[in-house]
Amino acid sequence: SQQGEEDPQALSIQEGENATMNCSYKTSINNLQWYRQNSGRGLVHLILIRSNEREKHSGRLRVTLDTSKKSSSLLITASRAADTASYFCATARSSNTGKLIFGQGTTLQVKP
Amino acid sequence: DGGITQSPKYLFRKEGQNVTLSCEQNLNHDAMYWYRQDPGQGLRLIYYSQIVNDFQKGDIAEGYSVSREKKESFPLTVTSAQKNPTAFYLCASSYTGTGIQPQHFGDGTRLSIL
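From first to last, the protein sequence lines are chains V and U.
Counting from 1, one number per residue, gives the positions in the first sequence under my numbering.
Counting from 1, one number per residue, gives the positions in the second sequence under my numbering.
The hints are simulated quantities; they were obtained by calculation from the structure and are not laboratory data.
Treat the numbers as computed from the prediction; the structure is a model and nothing was measured.
Each hint should be verified, as a subset may be incorrect.
Claimed, not checked - Dumping the calculated SDA-like pairs for lysine to any residue here, alpha-carbon to alpha-carbon at most 25 Å:
| id | chain 1 | residue 1 | chain 2 | residue 2 |
| --- | --- | --- | --- | --- |
| 1 | V | K26 | U | D38 |
| 2 | V | K99 | U | S7 |
| 3 | U | K9 | U | S65 |
| 4 | V | K111 | U | K57 |
| 5 | V | K99 | U | D59 |
| 6 | U | K9 | V | T107 |
| 7 | V | K111 | V | D83 |
| 8 | U | K71 | U | L45 |
| 9 | V | K99 | V | S73 |
| 10 | V | K99 | U | V52 |
| 11 | V | K99 | U | D54 |
| 12 | U | K9 | U | R68 |
| 13 | V | K69 | U | I100 |
| 14 | V | K99 | U | T79 |
| 15 | U | K57 | U | Q101 |
| 16 | V | K70 | V | R50 |
| 17 | U | K71 | U | V52 |
| 18 | V | K26 | V | G59 |
| 19 | U | K57 | V | T27 |
Claimed, not checked - Okay, the calculated beta carbon distance ranges per label pair:
| id | chain 1 | residue 1 | chain 2 | residue 2 | range |
| --- | --- | --- | --- | --- | --- |
| 20 | V | S68 | U | G2 | 34 to 42 Å |
| 21 | V | T27 | U | N84 | 24 to 32 Å |
| 22 | V | S39 | U | S7 | 18 to 26 Å |
Claimed, not checked - Some chain V residues judged to face chain U by a derived CB distance under 8 Å, without partners named:
| id | residue |
| --- | --- |
| 23 | N30 |
| 24 | Q33 |
| 25 | R41 |
| 26 | L43 |
| 27 | H45 |
| 28 | A92 |
| 29 | R93 |
| 30 | G98 |
| 31 | Q104 |
| 32 | G105 |
Heads up, the beta-carbon is just placed ideally off N, CA and C, and yes, glycines get one too.
Use the sequences and the hints to build the structure in full.
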């Protein structure tokens, strides 16, 4: 079964608004990663947060990690139409097997 | 520019036929992965290779086979034993196979049944 569960499954907002996506997972992790997928394309890595980190920023992206609740959130500020895509969280387990477990994703639509 | 190249972009399989999907990377990465993505779903791991000449089954390996004879190449064969092969197949690589670095993805191959 999938390790990561994402919420909401779909999100529609206006350009300029903020978008927040949440991810929950079940087992202990080494790190959690967020990826973006444009329609019909491969995934693009956005940000990696390690289990000993609580918050990380990259441009308009802000990721938080709460290991006690086994959850993470991705915030996109001042969204643009070009942010329209599916967003996936993926967890790497503490055992460092190299395997990532992906959630089912959140589909974000940003309306111009 | 370094990256991952998957070919072909679209592939059609006849009943009883084996087909091979190509994945080549020039990133000098040790680890490579194959995922399957069904509509509206996340990615499921088919096979992965942490180093050349070695590979392991992922969560849904039945009906698939791989080889890793060169560091740059990790082809996936969808055999006739895979009864529901219609899906979007994604290849990825990472610097090592420990899971502590991000994965880089190709642009996928969409496989359909004729």
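So which of those numbered hints doesn't the model satisfy? 4, 18
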